[in-house]
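K.L.:
So you can see what is in the structure, the chains are spelled out below.
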Amino acid sequence: MLFNSFIFFIFLAVVLPLYYWLPRKLRNPLLLISSYVFYGYWDYRFTSLLAISTIIDFFVGKKLHDSPDPKIRKRWLLLSMFSNLGILAVFKYYGFFVSSFAPLAAIFGGNLDYLHLNIILPVGISFYTFQTMSYTIDIYRKRLEPTRNFIDFAVFVSFFPQLVAGPIERASNLLPQIAKTPLPSRSQIEKGIVLIATGLFKKVMIGDTAGRIVDHIFTQPGLYKSPELLAALILFSIQIYADFSGYSSIARGTAKLLGIELMKNFEQPYLSRNITEFWRRWHISLSTWLRDYLYISLGGNRKGVNRMYLNLMITMVLGGLWHGASWNFVIWGGLHGVYLAIHKLILGNKKVSDQYHYTGWWSFMKFIFNILTTFVLVLFTWLFFRATDFHTASIFLQKMIHWESSEFAFRFATITLTFASAMLLFDVFEYYTRSHTFLLKIRNKGVVAGILIVLLMVSFLFMFQSEALPFIYFQF
Amino acid sequence: MNKAGIQTPSTTDFDEVIGRTRKSNVEFTMFNEGFSMGRINQYGYLGPDYSPEKKAGTLRIALLGDSYVESFQLYRRDQFHSIIEAKLSQNLGMPVEVLNFGRSGFDLADMYAYQQTFVKRFHPDLVVYFLSEADLVCTQTDPLVPKAIVSNGKIEITNALMPADYLNSFVKTKILFQNSSILQMLNNSRKLIKEGQLFPKLFDKFYIQKSKEANHAKTNLKVPEVAIKIAENFSSKVVVCNRGTEQLSQGFLYILESNQTPYLDLNDTLSIYTNSGGGDPFYWPVTKKQGHWNYQAHQVVGNYLSNHLELIVRENRDKKPIEVEPLLP
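From first to last, the protein sequence lines are chains A and B.
All residue numbers for the first sequence refer to the numbering used here, where the first residue is 1 and numbers rise by one.
All residue numbers for the second sequence refer to the numbering used here, where the first residue is 1001 and numbers rise by one.
No lab work stands behind these hints: they were computed from the structure.
A couple of the hints might just be wrong.
As the list claims (entries may be wrong) - 30 Å max Cα-Cα, derived DSSO-like pairs, lysine-lysine:
id, chain 1, residue 1, chain 2, residue 2
1, B, K1023, A, K399
2, A, K225, B, K1172
3, A, K441, A, K264
4, B, K1003, A, K399
5, B, K1023, B, K1172
6, A, K225, B, K1288
7, A, K225, B, K1023
8, A, K225, B, K1087
9, B, K1201, A, K225
10, B, K1289, A, K399
11, A, K303, A, K71
12, A, K71, A, K180
13, A, K180, A, K142
Please read all numbers here as calculations on a predicted model, not as lab measurements.
Can you build the whole structure from these sequences, using the hints too?
P.N.:
The following block contains the structure:
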């Protein structure tokens, strides 16, 4: 079920009153059923994968906790890893490995055609797999007590607001909240509605509308001229941010209406002054997951400088691969790894502050320059993220080098600036107020209500007359 | 929203003579099965500002038709109009101007009325009518366009049949729709609701479509009198092109033949293109929709028409009959 569909809001209109009305002990069963309906609406067959992952990790969690022997504990952990990563490997990476090894096999006269299978990628598999893996790893590291309530755990894995595209929650944050089955406070309801309205607006009116242009241009880049391609790339950077941060806002808003707090996934990433700051602000739940469960597990910065750089590269490349089984994502992750390594090298032992403080005109100019530099670096990586193959990326690069003018350059510039301004407006308010629900800072509640109604009505209107585009991160 | 290309406000206007027309000097961004940007020029049609006064030594071709000719799905530079213009200019060694007078929903009678009230102001050397079998029915569904009627055995164009109340409300409200993307979106939604899309949109998979009785019987079209009179009235500048997937009615073709009106058929060319592995000319891979001609089809149509129009132009020049063979570009 897509958040940007009317059926989701009808679904919500049924689930929320029931949740508020039912006695406490029945709320989690309701959430579990609702979450499976939400997931199964796309394809009911894949609810079985979700159930398998849930059952395995629930029992592994208990065994990990109950076993004092480190060897046995390690075996239980490996079982969890193999089952989760095995599901991922089969459903997400099988085709990639077969097609990647096919040329190698061909050199030796082999033919891997018979290994090609048309496997459908289950929506959100990477998200819930990482979430359940963090549960067993945390128990293994003795940082978390396992839950004894299967329903609570099943809700933790399948919690519908964040099931298919995150934020990737930690059990230590989400499970206790689920166990309490709280009702939302007035403040949570207010914030929840604001997050849903702003998130929907970002997703539908900024992300989807920019995405329509991006999709056409990236699919047939040969038909378009240099300024149009450049505009499409910038629009994609806006689209992916609006799409994903919009989704995350709706997820957080929906969870708030159920009395549950989810972590922030974005903190104005395009206002970052360097690449390290960017990764503290972009897809925070994934970057912290990779840091805690991959980078640190590899040794982090504890095993010398060279190993630290290697660990960084491995983490970023695998982070890229997490997004999709394609070499484009490997390049995307690799480029970010290189950026981070260079920045670390330049930085030395200096700490990076994530908040800018105005100390004069010069500092502001430097702030803007750093933001733009970081954005250009990130923008370049988005080319490999969005291009479906190297051919597309190479057409882009060629047309950037051999610049040709377009009669629509001004129109594209206007469109790009309009989208950028809309997104920047949200970001500046969020940055300035340090709140995603900055609208609630307006004292006149009538004005707030008016703005929310307009945001929702415009979004609904557009949803009605257009076909819903799925969230970009659904495919991951 | 207009600046961002999200929703172009209404581009329609009203003219006492032409009826519902395009608002001049309007830039638009269109999303349907394709995506395009363009401009309605100062004269109120799509494409470059070719003025009514034609420069000496220039060949001017007017294309009349429905949304297939209008081609909102792709940029002008990729449309068959541009291909014809470029190829004919090169091959004939003279400036060629191709004017796009396509209008969504137009049938033969609409096209004829449009030619008489508007297109002829531009002094075209050739007028190409793009027709499908359905266009011959001449229902003229838009109430705000001049009607082609048969009176005393002659074809006449009249504006007297426009419903006054509808016209009044359109004239009074058009300024709002021309300047508001939101109102345009509301209007689009209203149309969708009218088409019965409310419940399918709201309930998605839960909506159960009532099965409609499929009408498999091939309509045996009887060409209406107005279509016959129009065809009989075609001047020597007119070329008729079948853009549909079926043959035009024999009765209509007979009149064209009697009138010595050149007739081109895109059906064979597009079929040959598809059968030779070119793909479905109506399929749009980005939006995964069936619709109007896609980029490749425009190439095929453009190449085919430029070859055939060149022959017709040369034939008219030399006054020597040249046999027209179907060509695969």
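K.L.:
In ascending order, which of the hints set out earlier in this document are inconsistent with the structure?
P.N.:
Hint check: 1, 2, 9, 12 fail, others pass.
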